[in-house]
Structures are given as C-alpha cells and as structure tokens.
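Position chains H and E relative to chain X; hints supplied.
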Amino acid sequence: MPTSASTLPAVPMPARLTLRAHWQDRLAQGLLLASCVALALFLLAPLAMILIKSVQDKDGVFVGLQQFREYLATPALKESIWNTLWVSTSVTLIVVPLAFVYAYALTRSCMRGKGALRVIALTPILAPSLLSAISFIQWFGTQGLLKFMLGGASIYGPIGIIMSAVYATFPHALMIVLTALLLSDGRLYEVAESLRTPTWRKFFTITLPGAKYGLVSAAMVVFSYTVSDFGIPKVIGGNFNILAIDIFKQVIGQQNFNKGAVVGLILLLPVLLAFIVDWSMQGRLHAQFSARAVPYVPKRSPWFDTSMFAYCCIVSLLLLLVLGMAIYTSFIKLWPYDKSFSLRHYTYGLIDAGVISSFFNSLEMALYVALFGTIFIFGVAYLLEKTRGMPLAKSALRLLAAMPMAVPGMVLGLGYILFFNHPDNPLNGMYHTMTILVLATIVHYYTSSHLTAVTALKALDNEFEAVSASLKVPFYKTFFRVTVPVCLPAILDIGRYLFVNAMVTISAVVFLYSPTTQLAAVAILNMDEAGEVGAAAAMATLIVVSSTLVCVAYALLTRFLLTRTQQWRVAHAS
Amino acid sequence: MSLHCRPVNVSHSSPTEQTFLHVAGITKRFGKFEALREIDLDVGRGELVVFLGPSGCGKTTLLRIIAGLETQDAGTIVQDGRDVSRLPAIKRDYGIVFQSYALFPNLTIHDNVAYGLVNRRQGRKLIESRVRELLMLVGLPDSGAKYPGQMSGGQQQRIALARALATSPGLLLLDEPLSALDAIERVRLRGEIRALQQRLAVTTVMVTHDQEEALSMADRIVVMNAGRIEQVGTPREIYSAPGTPFVADFVGKINMLTAIAESGGRCRVGSLSLAIAKSGLVPGTAIRLYLRPEEIGIHANGAAPAGALPARIAKVEFLGAFCLVGLELAGDDVPVLVANVPRQVVDGAGLASGLNVRISLPPEAMRVLG
Amino acid sequence: MKVALGLRSLTVLSMAMLLMAGNAVAQKTDLNVYTALETDQLKAYTEGFNKAHPNIELKWTRDSTGVITSKLLAEKANPVADLVVGVSASSLAVFANEGMLQPYAPKGLDKISKQYRDPANPPMWVGMDVYGAAICFNTVEAAKLKLPKPQTWQDLTKPIYKGRIVMPNPASSGTGYLDVSGWIQMWGDAKAWKFMDGLHENIAQYTHSGSKPCKQAGAGEFPIGVSFEYRAVTTKKSGAPIDIIFPTEGLGWDLEASGIMKTTKKLEAARTLMDWLATKDAMELYAKNFAVVAMPGIAKPLDFVPADYEKRLAKIDFAWSAKNRDKILAEWTKRFDSKSEKK
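Protein chains in written order, with this note's numbering: chain X, 1 to 574; chain H, 575 to 944; chain E, 945 to 1287.
One chain only, chain X, in its complex shape (with noise of 0.2 Å):
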C-alpha cells in the first residue's frame, strides 16, 4: 500500500486531472444534475409526447406525416393559420406604437401623475385576458353603449380578438419598452444638445436606435401572446378560427388528441420563431449597454408635457373604461334589460352554484406556485451561476430554462395530459392533482422568471463563493446568509410575478384541471361559454381584487424590506 504517497510531492500525475469533490461539490452537482431530470421530465418529455402523437392515429399506430396532410387539406384549418398570424401582426403593429408613446411620456417628459399612470397602465396584468374580452363584448356588442362606433361591423371575430389582446398585451410590450428607454444613456442626450441637434433628430438617431431592441423583443412577446392565447379567441372570437381554438376544439370536442398536437405542432412554430429572433436580439442588447450609462433626465417642455400627458390619460382612460365595465357587469342584475345593482352574480352565480370553490383552487395554486416556483428557479439560477463544474449539465439547464417562453401555454398543457396520464407513466398518479397544475404553471412562466433570478445573481460579485470556501464555510451558508438576503427583492419579484400569472393562466391548465381542482380563470370561461355573462364578470373582478391585494402586499414588503433588513442597500445609496 503505498501510504506514503499522498505526502510525497513529486509523483506524477495523469495528464487530467480533476479535484476530489468534496461532499459539498457533490450536493450542489446532485442538486444540478436533478434540477436537470425535473426540467426534462416536466417540459421536455411532455413537448416529446407531443411529437409522438402527431405522427401516430387514434390506436397508436405510426402514419408519418399523414395527420399533417390531413389538417392542411381541411380548408377552414388553413384558413386558421392565416387567421392567427394576421391578426397577431394587427395586435402587434398596434400595441407596440401604443406603448412606446406611453414609455416616451414616462421616460422623456416631464409631465405630472406618472407613477399612477404607470400603475394604471400595468392594470391588465392583474385580469385573465377573458376579462377584456367580456368588457368588449359588453361595450361594442349588440346591446353595448358604444356598438355604434363599429359602424355594423360585430365585436364577435377579428375586431374583438385585436382590440381585447391590445389590451391585454399593453402592459407587457410597455414594460419591455419602458425598460429599454431607461436603458438609454442620457450622455448620448447632451452631446446631441451641445452639437444643436434638432428634437426630431435626437428621436431618430439616438431615441430609436436606442430603444430597437427593446421594440423587437415587445413586438415578439406580444406576437407569442396574441397566437397563443386562447381565452380572448373563445371568448370573442365568435366563428373566427384561430390555431389555439383549433387545438382545443380537436381537443375538448372532437377528442381527436393526435390532431390536437398536430395543431399545437404548429402553433408552436410562430411562437418558437418569435422567440428565436428575441433571444438573438437579447444578445446584442446587453452589447449595446455593457458600458456605463448615465441616466437621461428630461426638461420641462410645456407644450410636449401637456400633449404627452393628454395621450397617457386618454390610454389610461380606455383601460380603466375596460376593467371598469367587467367589474359593473358583475354588478347588476340582468343585462341588459335590468340594470339595477345586485350581488347576485356573487352570490347566486358563484357561490351557490358551487363556482367559488374554484376562486380558492387558484389562490391556492397561485400560493403554491409562489412559493415552489420561486424556490425552485431561483435555486436552479444559483446553481447556474455560482457553482463550479458540470459545464454540460449546464448548457443543458440553459436551454431548458429559455425553452418554456417558446411554448404556447396550450402546447404544453397537451403534452402534460398526453404524457402524465399514460398508463405506462409511473406518474400518472399526478393527473388530475393540484400538483400536475402546479407544475405546469411553473414551467410555464419559468424563462421570465429565471431571467430575474439570473440578472439580480450576475449583479453580486463572482468571488463571494471562492471567499467562502476559503473560508471554509460551506456554500449553502453563504447562499442563505448572504446570497438569499441580497437577492431578495428579486426573489419577492419573481414571487409576485408567478402568483399574479398563476392567477390568470388559463391556456396551460385547461387540459389539465379536474373539478376539484378547477381554476377561477377556467370557471371563468365555463361560465362565459354558458352564458353566464354575469357570473364570469365576477369571478375576474375576484381575481383583480385579489392580485391586487397581492401586489400591494409585494409593495409594502418591499418597501418594510428596504427599511429594515436591507439597512446596508440604503446605507450604499446615501
């Protein structure tokens, strides 16, 4: 036994060499390699299933492409191809001038009452897209006040599917924009000023180019949204065919499961397209402001504050018109030949009929997918960006954490009941539970999610570890001692985001709720899809309120945070 070996210095060593792990090394890589196995059990086999069933017939036998060809011959399914990538570009080429205005008022003037305009415009967020669609339904339908403004044409197709994913993808494309002008380096600004730039041209050459990565990534974010979502569509869509009406139709009515994922194959297709160009986008943002900025700071200008101002409270007028009408939908009797206030539609259309169990399904999901989902991306972000070793097991979580954003709620939803409720599955107990719903919801909000946990890590110093371990501490005393507490307004914001999505999402779980676990945003379209005008209109007014309230909470925590435990943040701002 060569016992002397290890002290004697000069024994040759193999040409490659690896450190011991130490038992610490080995739970983090553990922890890795199984965040690994969870994101490909939970996004990639369902998305594999689903490429399965596109290719096979009822029985299970393969028939190639004969499912595709047989879609693409149906003259109506093609048109619905058309449908959706018309009317996402409409809703894109709309929402995304919308919003940059209003980002250029907020960031660029110097106009009153921004932070409520700001709040107001980031309202939609908190409703199920159903929402807007209802609020338009009851404004430009039939009996609705302002049908006239149509001119004859109906709110049920096109119009209404444009106008209400303007509405609900307003606040996403305004963050993004609202982002990128902040972004903005306001040197730029005062060498233009000291070379007597006219206004116009400091708005094309530096305004623009600044903020056109910005604009891509909103204009391909509110593309995904608009062809994936379902809800607006079924809700308002009237006849109008669209992919994600196709798939649930496959799905819930003709329980044609393998057409289903053919559709949902290439509903994917735009989305996965959109998603390419923003990440390749992505890259050269960061390029742009890798360097220091110094924020822009406007002057005041009378007339361009005034007409700014004009413009925000006219938009934010409009959201407030539309959130407005679905709460007093909620609120009276019978529309619309008995106007008067009523309670009924609480207590009658949701509590009696049993309904508002679903209200308490998903603050419980929304809880869950808080709570596990934060705890689980950021843990995974850690893991990514502050442990040593695995480069493989690492570009693997890479992709699968941007993956998610690629995939249409829808599509993922049908892979899970394809995957999770065959027999075969060893899972399969999972189906129909409040856990498979969970689980879906997180993965599906997961890449915004991770770029948040991402960002707020790559902003502490790389060296924390390594001091650490000199140290001798072990790694997950620093994460908890030092990392968790400086992340933790990201951590809360990551928590916000998915409680308030989890609230609203519809198109992930719709395939997958069982009535116990029946979602509000699910009883939602049920009760529209029944009729039940009234009733639907109060479950979102719940779902308002209480993401609301979630968000106020998330204010204040922040801000109790910054006060008290984050004492060291202030004491570096002064």
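Calculated directly from the structure, the hints in this document are not laboratory data. Heads up, a few of these hints could be off.
Claimed, not checked - In the DSS-like style, the derived pairs of lysine-lysine whose C-alpha atoms are separated by at most 30 Å in a straight line are:
1) X/386 / H/606
2) X/477 / H/665
3) E/1106 / X/147
4) E/1058 / X/78
5) X/58 / E/1278
6) X/339 / E/1088
7) E/1181 / X/339
8) E/1181 / X/333
9) E/1106 / X/339
10) X/477 / H/720
11) X/339 / E/972
12) E/1210 / E/972
13) X/339 / E/1090
14) X/458 / H/606
15) X/58 / E/1088
16) X/333 / E/1088
17) E/1180 / X/147
18) H/665 / X/386
19) X/78 / E/1271
20) H/720 / X/458
21) X/458 / H/665
22) E/987 / E/1058
23) X/333 / E/1058
24) E/1267 / E/1138
25) X/333 / E/1232
Here the structure is a predicted model, which means the values were calculated and not measured.
Using the frame of chain X, we list chains H and E on its own:
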C-alpha cells in the same frame, strides 16, 4: 525575510525545508488557448512573492489554481508539505483578497470579518476579541457596525484583508488587491499590506500587472508572459539584470538598440561604434542592447569624459522630480534615446530642446540580450 | 404548567378527532363519478342517494358533455371514473363502442321505458331523463327588429333572420350534436343538410356550449338562440324577456344516462348507485327539472313546457348517432366551420 530570498532555478526546483509552497509542472488550457505551461516555482516560508505580467499572461490563473478555484490540467502543488493538488478549495489552507473586495454587502464589517470564525464554532468571546484585534490590525478599529457600502474602497480592501487573515491561514493570496483603488490610496495601502505581511510573517502570493507595486512590495518577483515564467528574482535583480528582452521591456523604462557585435568588446549601432562590457560575442551577430534611462550621462558644458557621444536634445518632458530627455545621437541609423535626469540637473545644466550636448553610455550598464 | 397541560389535552383531543374522522372515512366507499349534470341538480341527487346509502360517498367530476366525453376518452387507457352518470346517451354509446362500459341491469329495469335505455340486454347504459331542443326567442329585441316569431325549424332559414340566430357547434356541444343528429334522423341526409345550408346563412355564430345561445338570446345579444329546454326554462325564470319555442316538425333530443366503467374496482358500490338511479325516488328528483323521465308516469307538467312535449320528440337511434358521430361532425365542419370568412 531576505534569508529566504534566494534565486530559484526556473527550469527545475525541488522542495527544501524553507519551501512553503511548491508548484511543479502546472499546465492549464482553456480550449485551444494554453494559459499556463509547465510552471515550476517555490515560495519560501514567510515570503511575499509577486506574479507580475501583462493581462492574459496566466498569473491570475496560476493564483486560482493554487487556491483550488481552477483545476490544473497537470502538475502538483504542495503546500507546507501537504499535496493539495487535487484538494477542493474548501479543504486547502489560505485566505484570499480580490480586486473587487468581495465583501458581503448585507453583513456588517464585524460580521464580514467574523464570517470564517463563526463557522469554526469558536466561543463568542474569542470571536469578538479576534475581530477587534483584526480591525485594529488594519487600522479600522471603530468600523465594526458599518456596512461595506458606507466605506471607501481602501477601507473595504483593508476589511477584506482582515477577513482573509481572520482564520490565520498559512497562505495569503492577493489577486490584484490594489487595482480598483485611486493612486494615493494604492500607494498607502501597498505599504500597509507589506508591513502587515512582514509583521505576521505570513507566506503571501500576490498578482499584479503594476510593476511599481511589484518592485516596492515583493521579496521576489515572478515575471510571467504568455503562460510561462520569464524570470524569477528579487526586485533589484529583475530591474537591473533583466534575464530576457520581455522582462527588460516590461519592468521599468528602458532604451533598446539593435546592434551588430564587433570584435574587442564593441558593437555597431548604425554608424556608431559603442563599447560594451560583455565580451566573447561572435563578430557579426545581431544583438540587442538595453540601457536604463537613468544610466545615460549628459554633459552640457564641454566637460565630457572620453568616449562621450555628441547628441542633440530633441525634447524635455517635465515629470516633477525627474525629466525625460529625448536625445538624438549624431550619426546615421541611430535611434532616439531617452534619458532620465533629476530636475535639479536639468535646471542646473540648462538642458532644453535644441541644445547640443555630449552623452556617455557606460559599457557596464549596456545589457546584451537575445 | 397550566398552559402546557392545556396544550397537551388539546393535542390529544385533536388527535382523537382526527382518528374519528379517519374511521368515518374508512368505513365509506368512495365512488368516482363523471357527470355532465348541472351543479344544483347534483346537490339534490347526492342528498337523495346518501339518504338511502350513507356508506357510499360520491366524488363527482363535473363538466360539460363535450369535456366530460373527451376526458373519458382521453383517460380510456387509464380510467379514473367508476361510473358515468348523467352524460348524453350518444356519448355513452360511443363509450360502449369503445368497450369502456360493462353491462348491468339495475333492479327495476323493467319499469324503464324501452326507448330510454340501451336496447342490449343487459344494457350498457340506462337513461335518467330527456333533454331536447328548444328555441329561445327574445321578444323585446324581436319587436325592435320587427322579427316574426318562428314556429318551425324551416322558419329559421327565412332571410329575415339573417345574422340573428346563434346555435351551438355540434363538434364541441352535446346540444349542438343532438340538434344536428335529430334533423338528420328526422329528415334524412339530403333534406337535413340542405336545411342546415340554409340555416347557416342566418347564423351569427356557432357557440361552444348549448346553454350560451339561450343566454345570449336572453341578454338580447342575438334575438334567437337554438338551445335546450332546461336552459330555456331557467333563463326565462331569471327574468329574461324570452319565449320558448318548440318547433313543430319534431325535436332532436338526448338522454341523460348512466353506465358502469368496465375497469371499476368497486363494482358492488357502482351497482348500488345504478340501482338507485333507476328507482322511483330518483326519477321524482329528475322530474323536478325535466319534462320527460325514463320511468313512465312520474313526470309532471313543468312551467313553459307544453304537455305534449314527449310526443314532439323525434325518433332517435343512439347507436346510430354514436356510430355516425365522426362522419357527421366531419361533414359539418367541412361545410360550416369557416363561417365568418364567407359572409
């Protein structure tokens, strides 16, 4: 300290009693890029060794390999008689300070310094007294309750140093510790670190790209370039006897003249023939002559030693205590030389551009390399 | 001390309660039942059943006919349900064709009308009650638009109703399918499709559920909604200004019916429920909502439903409906699914 300062044979080294850190055959690649190639090095107990080199030369990689933060592809590291080559960082014995300070922003200064102590389950009183002692040591006795964000860069780096020393590690690693600081703070802190290191007699490896820092702090300097060690030696050796053109060029200012060897201890630079101390060169070989600017003698008022060469002052650059004087030698194909002259001399002799002078180039100061 | 004691006794108490609750659950048999019955009906039926059989707990899985049908088919390989109760007979016939059901003759089967049960012996499924087509007609909006009240299906193809009619999409709605299969079985292929071509010209939209057309008629969104009589009656009762029309040619209809899943592991309890569903007590409960129930002589006249309602029902063969379901839906989809593009 100077007891341990012995020149080390670069190509081969073996551990001795005084050797604290023994590095042998360290090789590291990043893909196709060879970051380190067959690095051998011994660091004596209590010694402060500085890795000096341009960015990308592999000095930081070598430090991180010693720390176990990177893994070498081949090679051995023995620390204090223990082979640590394959030990993970957490199993090794060192304290480390980074350019970015890497202080935990959410912990007070006290908690930062105590970070490694708490983990050792020492008594609270023991920890308290140790933290106090360390804060005293780095000259910030009253800052325990503050947060890092409330302190200056220099103060933060002192705290980082205190944190690294808290557990009394056998080895202190400093990764460009002064690079993020402003010039005044940098000079002040390098003196402090050196004094502290000597007081505690802790073996220290520091990485820097700043030659002045290296010269002022090191017991020995390891000059690195492109993944290899160019030269190891005391600051004085490195400065006055650079072993390679790279070292000559990188450390301090130097004049380089391309020349052809002639017989009889002379060589030819353009149309000039210069005396050099080195003999035995085969006549006709191309050589390079290196001459420090301060070695050039300038004689303004006729009284010049024998062999002085006529030259014209091209320009005088005022640098405070010293001036850089650009000299055009009379002759064909001769380079412009730069001399370093004390301000008093410049003023006393009335050196100004356009003035014709004579200059002496001492043969013993002309180093022949390459 | 006192506090500690209090806590301990509280723990003991709560543990005892947990045990008791556990026992109570353990004695019961859980049955997973898939249904398309309305929630308010479910409550009454569950109470009625548990009065007779307190040891069987019914775990309802409720959704619309289309969704429940698709769920059962999706779970075919791995069924969760022990029974299907109150789902359309044409869906149950599909399940029977797929081999998902097991035959069972509940006690008192002989008292059930022949046309309201699976003709096989023993039957795969047994009916509960009948729901049939009805038209909801908004009198207020009709007056505004000067629309005459239609009396027959054929009336609906008149140009005056262009863009005024909503009906459920048969691909997603059980009610929609009973309309379409009713017309085909009443009139034969050629005439029925010709009628639907004409009707299609007047349709404003095809909805996904059978209730929505009547609700929309009730809200004046569209004055005429093709729906079913239960929803028509509840909508009228809620105060909406509608008349309920039962077209004179005959009404497509379906049964709410029940059957036992082949894969159930709780056969005894499942049979107990099937037995109860065919009792007179149960039939009396159905009769509160439906004008026609499977046991003759039980039904009483309902508000707004004519006394001769049963006689107006078309002759329907559920086996035929189930067998031709795919074909009919494919044809319908091909003809009408891209409605909005061809206005």
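Structure-based check of all given hints:
Restraint check for residue 386 of chain X and residue 606 of chain H: satisfied, since their Cα atoms lie roughly 25 Å apart, inside the 30 Å limit. Restraint check: the Cα-Cα separation between residue 477 of chain X and residue 665 of chain H comes to about 16 Å, which is no more than 30 Å; the hinted pair holds. Using a Cα cut-off of 30 Å, the hinted pair residue 1106 of chain E and residue 147 of chain X holds, with the two alpha carbons roughly 19 Å apart. Distance hint between residue 1058 of chain E and residue 78 of chain X is unfulfilled; the C-alpha atoms sit about 45 Å from each other, more than 30 Å.
A C-alpha spacing of about 20 Å is found between residue 58 of chain X and residue 1278 of chain E, which places the hinted pair at or below 30 Å, so the restraint holds. Of the supplied pair hints, the one linking residue 339 of chain X and residue 1088 of chain E holds, its CA atoms being roughly 19 Å apart against a limit of 30 Å. As the CA atoms of residue 1181 of chain E and residue 339 of chain X are separated by approximately 17 Å, the hinted pair is consistent with the 30 Å bound. A C-alpha spacing of about 13 Å is found between residue 1181 of chain E and residue 333 of chain X, which places the hinted pair at or below 30 Å, so the restraint holds.
Proximity of residue 1106 of chain E to residue 339 of chain X is assessed by CA-CA distance (about 29 Å); at most 30 Å being required, the pair is judged to hold. With a C-alpha separation of about 22 Å, the suggested pair residue 477 of chain X and residue 720 of chain H falls inside the 30 Å cut-off, and the hint holds. In summary, the hint linking residue 339 of chain X to residue 972 of chain E is not supported, as the alpha carbons are separated by about 48 Å, beyond the 30 Å threshold. Restraint check for residue 1210 of chain E and residue 972 of chain E: the C-alpha separation of about 12 Å stays at or below 30 Å, so the hint holds.
Distance check on the hinted pair: residue 339 of chain X and residue 1090 of chain E sit about 24 Å apart at the alpha-carbon level, within 30 Å; holds. The suggested pairing of residue 458 of chain X with residue 606 of chain H holds, with an alpha-carbon distance near 27 Å, which does not exceed 30 Å. At most 30 Å may separate the alpha-carbon atoms for a hinted pair to count; residue 58 of chain X and residue 1088 of chain E exceed this at roughly 50 Å. At most 30 Å may separate the alpha-carbon atoms for a hinted pair to count; residue 333 of chain X and residue 1088 of chain E meet this at roughly 22 Å.
A hinted pair counts as satisfied when its Cα atoms are at most 30 Å apart, and residue 1180 of chain E with residue 147 of chain X qualifies at roughly 26 Å. A threshold of 30 Å between alpha carbons decides the hint, and for residue 665 of chain H with residue 386 of chain X the separation of about 19 Å falls inside it, so the pair holds. Proximity of residue 78 of chain X to residue 1271 of chain E is assessed by CA-CA distance (about 20 Å); at most 30 Å being required, the pair is judged to hold. Taken as a hint, the residue 720 of chain H and residue 458 of chain X pair is honoured in the structure, with Cα atoms around 25 Å apart against an allowance of 30 Å.
Taking the CA atoms of residue 458 of chain X and residue 665 of chain H, the gap is about 26 Å. The hint holds against a cut of 30 Å. Under the criterion of a C-alpha separation no larger than 30 Å, the hint pairing residue 987 of chain E with residue 1058 of chain E is consistent with the structure, at around 28 Å. A C-alpha spacing of about 44 Å is found between residue 333 of chain X and residue 1058 of chain E, which places the hinted pair above 30 Å, so the restraint is violated. With a CA separation close to 22 Å, the supplied pair residue 1267 of chain E and residue 1138 of chain E stays within the 30 Å bound.
Taken as a hint, the residue 333 of chain X and residue 1232 of chain E pair is honoured in the structure, with Cα atoms around 26 Å apart against an allowance of 30 Å.
In the structure shown, a violation is registered for the earlier hints numbered 4, 11, 15 and 23, in ascending order.
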